[in-house]
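We have chain A; now place chains B, C, D and E with the ligands onto it with these hints.
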Amino acid sequence: MSKKHNKLEAKNLNAYYGDFHALKNINIAMEEKNVTAFIGPSGCGKSTFLRTLNRMNDYIEGFRVEGDILLDGRDIYAKDVRVDELRKEVGMVFQKPNPFPKSIYENVVYGLKIQGIKKKSVLEEAAEQSLRQAALWEEVKDKLDKSALALSGGQQQRLCIARALAISPSVLLMDEPASALDPISTAKIEELIYELKNDYTIVIVTHNMQQAGRVSDYTAFFYMGELVEYNKTKSMFTSPKNERTQNYITGRFG
Amino acid sequence: MSKKHNKLEAKNLNAYYGDFHALKNINIAMEEKNVTAFIGPSGCGKSTFLRTLNRMNDYIEGFRVEGDILLDGRDIYAKDVRVDELRKEVGMVFQKPNPFPKSIYENVVYGLKIQGIKKKSVLEEAAEQSLRQAALWEEVKDKLDKSALALSGGQQQRLCIARALAISPSVLLMDEPASALDPISTAKIEELIYELKNDYTIVIVTHNMQQAGRVSDYTAFFYMGELVEYNKTKSMFTSPKNERTQNYITGRFG
Amino acid sequence: MTNSELNRLKDKAFQIFGIFCTFIGLVVLAIFLIDIVMEGAKRLDWDFLTSLPSRRASQAGIKTAWVGTLWILVLTTLIALPLGVAAGVYLEEYGKKGRWANFLEINIANLAGVPSIIYGLLGLEIFVRQMKLGSSLLAGALTLSLLILPIIIVTTREAIKAVPRSIRDGSYALGASKWQTVWNQVLPASFGSILTGIILALSRAVGETAPLIVIGALAYVPFTPSSPLDEFTVLPIQIFNWTSRPQEAFLTNAAAAIIVLLLLTFLLNGIAVYLRNRQQRKVKW
Amino acid sequence: MRVTEKIIEGLLWLSALITILVTIGIIWVLLSESIGFFKEVSIVEFLTEKEWTPLFANKKFGIMPLVAGTLLTTLIAIAVALPIGLTIAIYLNEYAHARMKQIVKPMLEVLATIPTVVYGFFALTVVTPFLQQFIPGLAGFNALSAGIVMGIMIIPMISSLSEDAISSVPRSLREAAYGMGSTRLQTSFGVMVPAASSGIIVSVILAISRAVGETMIVAVAAGQQPRLTMNPLVPIETITTYIVQVSMGDVPQGSLEYKTIFAAGITLFVFTFALNNLSFWIKKKYQEKYD
Amino acid sequence: GGNQENAGGSDLSGNVQVDGSSTVYPVTEAVAEEYRAEAPNVRVTVGVSGSGSGFKKLVRGDVDVANASRSIHDDEAKAAEQNGLSYVELTVAYDGLTVVVHPENDWVKEITVEELKKIWEPAAQGKITRWNQIRPEWPDQELHLYGPGVESGTYDYFTEAIVGEARASRGDFTASEDDNVLVQGVSTDKYALGFFGLAYYEENKSKLKAVAVDDGDDSNGKGAIVASLETVKDGSYAPLSRPLFIYVQSKAVERPEVVDFVNFYLDAAGELAQEIGYIPLPDNLYDEQRQKFEQFVSGKGAASAKQ
Ligand SMILES: Nc1ncnc2c1ncn2[C@@H]1O[C@H](COP(=O)(O)OP(=O)(O)OP(=O)(O)O)[C@@H](O)[C@H]1O
Ligand SMILES: Nc1ncnc2c1ncn2[C@@H]1O[C@H](COP(=O)(O)OP(=O)(O)OP(=O)(O)O)[C@@H](O)[C@H]1O
Ligand SMILES: [Mg+2]
Ligand SMILES: [Mg+2]
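Residue numbers (the numbering used here), protein chains in the order written: chain A, 170 to 423; chain B, 170 to 423; chain C, 764 to 1048; chain D, 25 to 315; chain E, 6 to 312.
Hints listed in this document are in silico derivations from the structure and should not be mistaken for laboratory results.
Here the structure is a predicted model, which is why all the values come from computation and not from measurement.
There's no promise every hint is true.
What the hints assert, rightly or not - Simulated coverage check for chain E against chain C, where a stretch passes if three residues somewhere in it have a Cβ under 8 Å from a Cβ of chain C:
#, region
1, 48 to 58
2, 200 to 211
3, 279 to 292
What the hints assert, rightly or not - In silico negatives: residues of chain A with every beta carbon more than 12 Å from chain D:
#, residue
4, H190
5, D244
6, D314
What the hints assert, rightly or not - FRET-style restraints, in silico, Cβ to Cβ:
#, chain 1, residue 1, chain 2, residue 2, range
7, C, L772, B, G231, 48 to 54 Å
8, C, P951, A, G322, 34 to 40 Å
9, E, P141, D, F158, 31 to 37 Å
10, B, I286, C, A793, 58 to 64 Å
11, D, P107, A, R251, 25 to 31 Å
12, D, P107, B, Q379, 58 to 64 Å
13, C, F786, E, A229, 50 to 56 Å
14, D, W305, B, G231, 50 to 56 Å
15, C, A793, E, N289, 57 to 63 Å
16, C, L1030, D, F158, 35 to 41 Å
The beta carbon of each residue, even a glycine, is placed where N, CA and C say it ideally should be.
Pulled out of the complex, with its shape left as it was, chain A reads as follows (with noise of 0.2 Å):
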């Protein structure tokens, strides 16, 4: 396999909630297609670094970053990044599916919209092609402008990630995006993993060990805020080369 470039960068990266220290020096570097699964326990910072990748954490009173989080090598937190820019670019799926609660069209083709697309041509093919990658397509095509809320929530979760492929990023980011699904779904969302991985660079937070065995290249384990170890999934899950890294995959806490 030819080397593949970094993607996405972070370089001595603190981040706080107010006085609260929650990620300690995070220096990580994620190849582009590939797939970074975050893991940790509760609590260990896994969503907030996340979260920083796109900037969602902007919003949240008293939330601060130091140090420097670089997409194709430009700091997103530079001051003349426009952040809606950049999370047409690094999109997000969330733990809970959370569709608009309008019609499945409009849901995918809201990010669009809002860019101020408005040719009903150029929205419905750009539904259709997003709602197919994510395996959504076949299901929904007749009702397309049925209540998103009327889906089955593995359904739901799809219609998020294709709602996030229609504005065409190259990152996507997912906080644990099965956590809430049945088995059958949460299958369903791994093989589309596997599948997005070909065209997105992929982070995924996840709880589930075996879940991060089965879809990720990469895996990073944080520890009460802090990177404890970051390598090729493979070799960490056989071994591992941190004791705290063994411990919790092995399960003996978390």
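Here is chains B, C, D and E with the ligands on its own, set in the frame of chain A:
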């Protein structure tokens, strides 16, 4: 070891939330002074079953049970059974620590007070004893009148256990009692369970296979409302009989 | 990327408009307050608070009015609080489903929107005439109690709803009965919010004029009431009375009385806000 | 133990029952007096006659002028309060700092606690003269000033209740919108407001029914001239004003004139009853949409 | 006998309940306030529920004294009879109705009753809408009318006196039972014409202009006459001055504190009425009222005491 008698038994148990068939023909017998773990993927009915064991589901609109649950051979759903008496016999600890927003002391003696016990000496003695049993006494003995909400999560959970012990139940039901806790607190709770099984019959729901392996004598694996396999924990983890059990405990799904 | 720039521009424009609207609201408020304080502050002194009403503006005071208002506050609380909380508890904890509960709920929602003047007509017929209470404190307090009852019920329900299931589960699991759970856990845990609601409801009752006029409380009462069956006057009525006098000096009196009334409502609202904040800080579920 | 439980439940039930008794009481009081009225005046006349002069020698009993006055002032009030209140709600929710929201919201709520008599005089002595500088045809008493001031009074109802509604839209929706690159404005109007629409509509309806029931402002500032018009520049009379005037006036009780206030009262009740029912059903219908 | 004119009743105690007209209210309030110094233990409360309500309560015996700006109606009187009550009507002061215009109105100096009738009668509605329709030399401008609420005794009286039939008037005028609101209206409207109680004019002389009224009857003063203390008192301001009454019922006068209060009332009313902007009766008329009341108390008057 002498043969222990069956503390709790379910016979042809079916449970429904409205039209939804949540538990399908469950037959199981749990021995006294043992720890039984319920495992299975999310939504398989673990909690539902656990809560039918002390009729906590009574208050859920549309919920109904068919079949029998026997506590020491007596049907707990019989007409003449008083729910409050039953619950004094069968204590319960929940996933998220749920101390009452009162002092530590008030939390522990609550169960006794509502039984009408007012004598201070009795209450105080009971409080100390159950806090000791829950391995919390040393940490809180100087601040019994402080709010229970000021305790850490792990301490709160042990307080909830102490609270349940104070009314001297013979069975303790625990629904993922450590899933919201940090690793250190989790270890403490597991230790505690190990201690308590000398005196109590314990049923614990857990998502964490390793935890089930560590604390339980028997394990029951549920899948989509069915009890797929029930066996000594050791045998189950080393040689599961059912393929789905095997898949689950090796992390193929869930 | 002009589209994106346009969007940001609109965003900024709306922000400015938002500031403007908020500002308008606050400015109007400031105008009111300044206007009233300028007019009334000069009249506001100890004598004003301790004097009886009089035909001479310079001698007239609001003793009977504020004492009457306090009486009304206390009586209304005594009547409306137990009733409202009990009804709220019933709806939220007991009769939750079914047609009957649904009916009760619609009914309360409706009562909450019935204009206060209609409560006045109700009070006039039922309390003043049928129960022969006359234009007494009790009749006034009963009328206002009915007026704020729906508000108390609704806030009680909201407050109770905010108590997490886990607290109830914890109590039930220890063998507590329903009422024991409500009394020992649910009500204490929600009492702060309930109180907030009640205080806000009371601050509404304190400012009501129309229903009291309808039940005949517009009167010269030169003594402070000593029992609930006495006649009374309250601040808004006194204000109303003074604003309709020919002598301009009474308008100054009215303004001074309005300051007192506003201070009272601020006090009540302040307590409510304080309780609300304390509750939020204290309990994080 | 069981018996106490039952007794307590019974007591609680009784308390809830009282609310029904209140409604019955209201309907009974309004009906029993207005039945006498409708014996002498046909409902058809009541609803179709275009003049309301029950106290004049030449009596006409058409409620429409009062209804028109009520609608007109309410309409003006809402036209003022809705855009301002909603903008404030969105601004406080999406743009302002949490701290600012915490201060501004209760301050605005003070607007709703100022005695309405005060508002009335403000409308009459400040707003009307001010407006007369721009609108030459504006009468000294008019629906416009009263409506505007009423609008100011109900701003906090809309701003606070709508803000609550927007706040209670699940965080996840807001995050989804931001996550896709929305600006704050797009998030507000594209996602939050539609998602909170039921709560916002309810707040507006409550504000409307408050405006419909408001008495003192119109009594002081709008004149008392029942007039079937939608012209905001001239004096009008509302239902509530009529009730207060008559109940303070020299009309003999039991007379037909006196009974008119109950006929007017029942009209008012029907109005607010319909509005409240509407808001209740809207709330019910959309309540369970999330979680 | 209830003759306690020397105010020796300072040891009296009890309640005296008064209710009724808002017009008479200020007089009774002033009397009650002064009476406190006389008999500190007697609690006098004065309600303002309108003449109608006042009568209704009086004839049921719910109140002792009713304030009234009109005489009792027959059906109200009948109710008293049914309840076994009688009552006495006592005149306590006069109120002058003042016709006012905006101070910058330089065309109207006086107006005749005929013209007032032309303006206010029911037939005028929608027709008499401009000043020059009354007198051609007056400007061709819209006429804006202001008057007390139609449910008030003041309005009753005005229509009776001007139009000739109580409550017969046009409906398209701005009404308020709060005279301050009318003051505000007329004082900000150059083309206004309104009427209300003399007291409100006296207090707002700078903002208003009173119009002299000519009743065309020279026997009670020649030409147009402006409302004032003197002209009302001597009866020359006709027909727009009216008497204000209190009614006392027969059960109430069995209680000495009521008798004492009413006597005090008749003694003090003249001075107090003037103080608050009404017009006292000539002194001899107060004597008449006192005699009438004394007769009533001693049981001779009964319902026939009505004039
Ligand atoms: N808004 C906030 N304000 C203050 N502290 C916060 C906030 N959000 C998170 N934290 C704290 O920061 C730490 C890291 O939180 P984070 O949500 O990143 O954990 P996580 O690894 O995602 O946990 P989980 O697996 O439970 O989702 C935790 O201790 C948490 O309490
Ligand atoms: N109150 C309820 N009403 C309707 N359905 C319910 C209710 N509670 C649970 N269920 C359904 O019953 C099934 C079993 O739920 P249960 O909570 O017992 O699962 P569980 O095994 O405890 O899952 P988890 O590991 O997520 O806690 C699920 O499909 C759930 O959706
Ligand atoms: Mg997380
Ligand atoms: Mg569960």
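Now the hints, each set against the structure:
{"no.": "1", "hint": "48 to 58", "result": "holds (count 8)"}
{"no.": "2", "hint": "200 to 211", "result": "holds (count 6)"}
{"no.": "3", "hint": "279 to 292", "result": "holds (count 3)"}
{"no.": "4", "hint": "H190", "result": "holds (22 Å)"}
{"no.": "5", "hint": "D244", "result": "holds (18 Å)"}
{"no.": "6", "hint": "D314", "result": "holds (16 Å)"}
{"no.": "7", "hint": "L772/C / G231/B: 48 to 54 Å", "result": "holds (52 Å)"}
{"no.": "8", "hint": "P951/C / G322/A: 34 to 40 Å", "result": "holds (36 Å)"}
{"no.": "9", "hint": "P141/E / F158/D: 31 to 37 Å", "result": "holds (33 Å)"}
{"no.": "10", "hint": "I286/B / A793/C: 58 to 64 Å", "result": "holds (59 Å)"}
{"no.": "11", "hint": "P107/D / R251/A: 25 to 31 Å", "result": "holds (29 Å)"}
{"no.": "12", "hint": "P107/D / Q379/B: 58 to 64 Å", "result": "holds (59 Å)"}
{"no.": "13", "hint": "F786/C / A229/E: 50 to 56 Å", "result": "holds (55 Å)"}
{"no.": "14", "hint": "W305/D / G231/B: 50 to 56 Å", "result": "violated (23 Å)"}
{"no.": "15", "hint": "A793/C / N289/E: 57 to 63 Å", "result": "holds (59 Å)"}
{"no.": "16", "hint": "L1030/C / F158/D: 35 to 41 Å", "result": "holds (39 Å)"}
The earlier numbered hint that this structure contradicts is number 14, and it is the only one.
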